[in-house]
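S.K.: This is what each chain is made of:
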Amino acid sequence: MRTIDVAEITEAIKEMCIEANHFLTSDMDDAMKKATTTEKAPLGRQILCQLQDNLQIASEDMIPICQDTGMAVVFMEIGQDVHFTGGVLEDAINEGVRRGYVDGYLRKSVVKDPLIRENTKDNTPAIIHYEMVSGNQVKITVAPKGFGSENMSRVFMLKPADGIEGVKNAIMTAVKDAGPNACPPMVVGVGIGGTFEKCALMAKKALTRPVNEHSDIPYVKELEEELLDKINKTGIGPGGLGGTTTALAVNINTYPTHIAGLPVGINICCHVNRHAVRIL
Amino acid sequence: MNQHIKAPMMQEDAKKLRSGDYVYITGTIYTARDAAHKRMYEALEKGETLPLDVRNNIIYYMGPSPAREGRPIGSAGPTTSSRMDKYAPSLLDLGLIGMIGKGKRSDAVKEAIIRNGAVYFAAVGGAGALLSKSIKASEVIAYDDLGTEAIRKLEVEEFPVIVVIDSEGNNLYETAIEEYKTL
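Heads up: the sequence lines are chains A and B, in that order.
Take the numbering used here: the last position of the first sequence gets the number 285, and nothing is skipped along the way.
Take the numbering used here: the last position of the second sequence gets the number 387, and nothing is skipped along the way.
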């Protein structure tokens with residue numbers, strides 16, 4: 006049994022909110038740099054170069070990469086040999102988000118009620134996903150999610166007969182509908198299988214996988230490559246203003262499902278695909 | 205084509221802009237996004253006056269992150285314009301000359317743009333740190349209680365945008381995509 010004071014969680018999450026909003030992970034950074042050399046459209050290249058300047062200014066002057074500093078999505082992978090002390094874990098996570106957004110000059114974009122819409126003024130509550138795993142460590146992933154791209158995300162409850170072609174069509178439909186609204190070049194997170202909510206959660210989690218890594222399952226890896234190629238032939242391009250860089254990656258996760266179903270969740274993320282990861 | 209324009213802008217100048225033009229804006233523009241548009245729309249429905257005279261003005265769909273000490277504004281990139289589609293035609297009919305945002309617009313907005321000789325610009329989405337450098341001053345002029353969604357008056361210098369829908373209704377999102385489509 007290992008004891009962790011929840012104050013440690015609060016501090017880590019505060020720092021991770023600030024980190025994720027000012028610095029891209031190295032895989033995203035590399036992919037964005039590479040795109041400036043492979044994009045075929047002159048305007049597309051110009052936009053990608055502006056995004057390079059934007060990343061530099063963000064990190065040097067500590068100005069958030071995007072003004073939409075997101076709703077804080079937090080994945081907690083908790084080793085079952087860990088015991089938390091010093092308070093309630095959920096409160097500690099939200100306190101970390103509160104401090105990160107208030108002290109870090111991040112935008113407060115959360116409303117208390119979806120219809121009454123009064124701002125909570127500290128960007129809480131976070132969206133928290135808990136997973137119990139073996140061991141005595143805690144892996145925290147903070148993924149602030151902007152809503153320009155979140156709004157373009159979809160769940161399709163396909164029929165088994167729709168098969169792999171149905172899945173491809175669903176993904177292409179979501180990407181084409183998203184177009185310029187989702188701030189391309191995008192990262193496309195996909196969850197295939199499970200249930201209604203499981204496929205959406207898998208899609209969200211797929212966005213936190215490095216963009217230079219593929220699925221371990223051979224046919225899924227092929228699907229990721231084929232769809233990325235196809236998406237980059239839509240012409241949407243950087244900023245949706247035409248070009249050959251519409252997506253940087255398609256990350257697909259799968260899970261067993263019911264004999265009657267084929268759920269497909271597609272979570273679209275903009276080029277500011279933010280996340281910070283720490284293991285305590 | 206690169207163009208340099210002053211804001212506010214007269215209709216004859218808006219009509220010279222073409223879909224695809226790269227435009228640098230200098231002058232005064234105003235921010236408003238979802239909540240401010242809803243309030244302005246409700247004010248108009250009740251026959252009340254708006255907190256700003258939209259005539260010949262440009263509205264930037266943007267809600268900034270907080271400014272650090274000594275800076276006029278925080279990160280300041282465009283938000284998705286389509287959420288303002290319900291409200292935009294009324295403002296265009298009152299003389300609003302330009303909108304800056306990102307993403308597609310409805311047919312009703314496009315028609316209102318043509319009807320009023322206005323223009324829809326896109327700023328690069330997700331470039332809020334870079335775009336903040338072209339904003340020299342920022343002042344909340346209405347709806348302060350809305351926080352980031354308040355209406356702000358911005359002084360901008362060479363603020364970079366691209367003409368997406370021009371006064372004739374040409375739409376860069378449609379034409380540019382066709383050019384690079386290889387499916």
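Any given hint could be a false lead.
[Said to hold, decoys possible] Straight-line alpha carbon distances no greater than 27 Å define the calculated DSS-like cross-link-like pairs of lysine-lysine that follow:
id, chain 1, residue 1, chain 2, residue 2
1, A, K113, B, K219
2, B, K340, A, K117
3, A, K113, B, K337
4, B, K337, A, K181
5, A, K113, A, K144
6, B, K337, A, K235
7, A, K38, B, K220
8, A, K126, B, K385
9, B, K314, A, K181
10, A, K126, B, K314
11, B, K337, A, K126
12, A, K39, B, K337
13, B, K340, A, K113
14, A, K38, B, K337
15, A, K117, B, K337
16, A, K226, B, K385
17, A, K113, B, K314
No wet-lab data here; the hints were simulated from the structure.
S.K.: Which numbered conditions among the earlier hints are violated in the structure presented, ordered from lowest to highest?
M.R.: Result: hints 1, 2, 4, 6, 7, 8, 10, 15 and 17 break, sorted rising.
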